[in-house]
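Q: Guided by the hints, dock chain L onto chain B, whose structure is given.
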Amino acid sequence: METSTKKGFWFEPIEPELQNSEFIAISSKGFLAEASARFLRNKRAVFGLVIIVFFAAMALFGPFLVPYTYDGQDPAFVNAPPSAAHWLGADKFGRDIFVRLCYGARISLFIGFASALINLFIGCVLGGISGYAGGKVDIILMRVVDIIYAVPSMLYVILIMMALGANTKSILIGICIPGWIGMARQVRGQIISLKQQEFSMAALVLGAGDGRILFKHLMINAIGPIIVQLTFLVPQAIFTEAFLSFVGVGISAPMASWGSMCQSAREFITLYPLQMLWPTLSISLTIFSLNFLGEGIGDALNPRNK
Amino acid sequence: MLKTIIKRILIGVATMFVLITVTFFLVRLMPGSPFEAENVSTQMIASLEKEYGLDQPLFNQYVLYLEKVLHGDLGISYKKNISVVALIARGMPATMQIGLLAFLMAAVVGIGLGIWQASTKSGFIRGLLVSYATLGVSLPGFVTALLLIVVFGAWLQALPVVGLTSPKHYILPVIAQAFGPIATISRLVKSTYSEAMQMDYVTMARAKGLSKWQISLKHILKNAILPVITYFGPAIAFLLTGSFVVESLFSIPGIGKEFVSAISNRDYTLVLGLSIFIGGVIIIANLLVDILCAIVDPRIKFND
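Order-wise, the sequence lines are chains B and L.
Quick note: the first sequence uses my numbering, first residue 1, plus one each step.
Quick note: the second sequence uses my numbering, first residue 1, plus one each step.
Isolated chain B, as found in the complex (with noise of 0.2 Å):
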């Protein structure tokens, strides 16, 4: 005990002043909060929520602002300018175009962020039981998976579309039948490879059942490329139900969606291109700014990017 205190020996006894040296100034911060900085610091990502916040409060309150119903003619503004009265404008039939393009952004972002969640139930579930069952189950489920998606999703939302009228409920279904399959693929791989991880071993060692170190230890761990992925579903469910509408399966008159708005300016585009001009704007803005947001979350999420 003795020897080791004195100088020339192993250890040297640290000089008063240098005590403080392995002091750690800053305060250690939770995994969430280091990931909200990173996400905050991202300007691209900062400017998607601030616009993704600013359509949600319009498809909120929007109908609120304005006198006017999405259906309520008005011949005296059939494809009136922007003024005053109407904002935006009015269309062919003298509708308000700020209120609708109001109910359009709300049948978008329900139709997004609702479908997005489905498929994240149906993906995780499906995808985390083929990863950690592996053998027979995962084999067929996988067979399954291929089948889907071999075609594009677009004929069965189209066929689904036609099979069960025109409305959210059958959008949503279409959208979310050939849906499941990126997420569920997402979530096999990871499951797959987390599960060979020493921390699952020791779950099942203490005795914990499959569903628990299934959706208790493995999926929390794969969390991350999880919420990528959904990020990823919410522009595609949006696109999708543009797409629809504008071709003419998806959401009916008189009932206002972006891109049932884009299918009625069609034919006055030459004369009245502003009708056309908000509903592409605000697909295109909502869409690119999803993209932002899940770009900046996917990276804020990853530990790596310090």
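Derived by calculation from the structure, the hints in this document are not laboratory data.
Each hint should be verified, as a subset may be incorrect.
To be verified - Below, in silico cross-link-like pairs of lysine-lysine (BS3-like), each with a Cα-Cα straight-line distance of 27 Å or less:
hint : chain 1 : residue 1 : chain 2 : residue 2
1    : L       : Lys-222   : L       : Lys-212
2    : B       : Lys-136   : L       : Lys-7
3    : L       : Lys-218   : L       : Lys-121
4    : L       : Lys-50    : L       : Lys-3
5    : B       : Lys-216   : B       : Lys-136
6    : B       : Lys-43    : L       : Lys-121
7    : B       : Lys-216   : B       : Lys-195
8    : L       : Lys-68    : L       : Lys-80
9    : L       : Lys-3     : B       : Lys-136
A: Quick look at chain L alone, frame taken from chain B:
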């Protein structure tokens, strides 16, 4: 490798079978009779349904339909009273021309822009190309097509926007179709190309005194091209579904326009036949791309 190719083909066949079954029953689920019209009596409908075999039990109809499809008969468009195969033969040339041109343009311009973006030293050009890639990936196809029509067709009146009668008529539809895939391909090429640029064999080639072009095309691109080839399958699917919008916007008499008008006319059998055809083309295209990948890159042994 032969074993895996056979496996892929079997999956393709199974997919085709599922596609036919699902579309058949979905179409039969659709409300109303295909012959319903304002001046058609119920007796007429009944006799027409009998003529086309629609009064038989659903399962018999299904077996009959499968048999017909296997013989290359996709049924008859009840609304137009012409066989679906004849309609496909009529629309195919226009769709193929636009599709192939757009495909070539997407591949050439996309790869070019990707290489440019990876090798330029100018931050301005890089920024410009990155914004284009983001724009191209985010803009829905019909928005691009509409913008092109408004700007070049309506405002500048520089290019024709209706039909396919002269070479000039091809310009806008092909650009509209290729706009998105160009962005995707340039993104892919940019990332794989700049990765391959770091490799030792590139330094080696430079040290040997090879020309810039030789290095770029023979040494870097050859190793960076695989993800682009993998994307060819989805690109073909994208171009086919994209043709729905582009062809109806530019009034091009192709399969896409036929499909959209079949949807709005509720011409169920035509939708059924065209869905099976389009699905089949895409399944075959994906299969060929898979095999092509294995040929191009000997490292792929198909072991999944």
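Q: Next, verify each hint and record whether it holds.
A: Hints versus structure:
1. Lys-222/L / Lys-212/L: The given pair, whose Cα atoms are some 14 Å apart, holds under the 27 Å limit.
2. Lys-136/B / Lys-7/L: 17 Å, holds
3. Lys-218/L / Lys-121/L: Roughly 21 Å between the alpha carbons, so the hint for Lys-218/L and Lys-121/L holds.
4. Lys-50/L / Lys-3/L: At roughly 46 Å apart (the allowed maximum being 27 Å), Lys-3/L and Lys-50/L break the hint.
5. Lys-216/B / Lys-136/B: Holds - the C-alpha atoms of Lys-136/B and Lys-216/B are around 24 Å apart, at most 27 Å.
6. Lys-43/B / Lys-121/L: 24 Å, holds
7. Lys-216/B / Lys-195/B: 12 Å, holds
8. Lys-68/L / Lys-80/L: 19 Å, holds
9. Lys-3/L / Lys-136/B: Judged against 27 Å, a Cα distance of about 20 Å means the pair holds.
Hint violations for this structure: number 4 only, all remaining hints satisfied.
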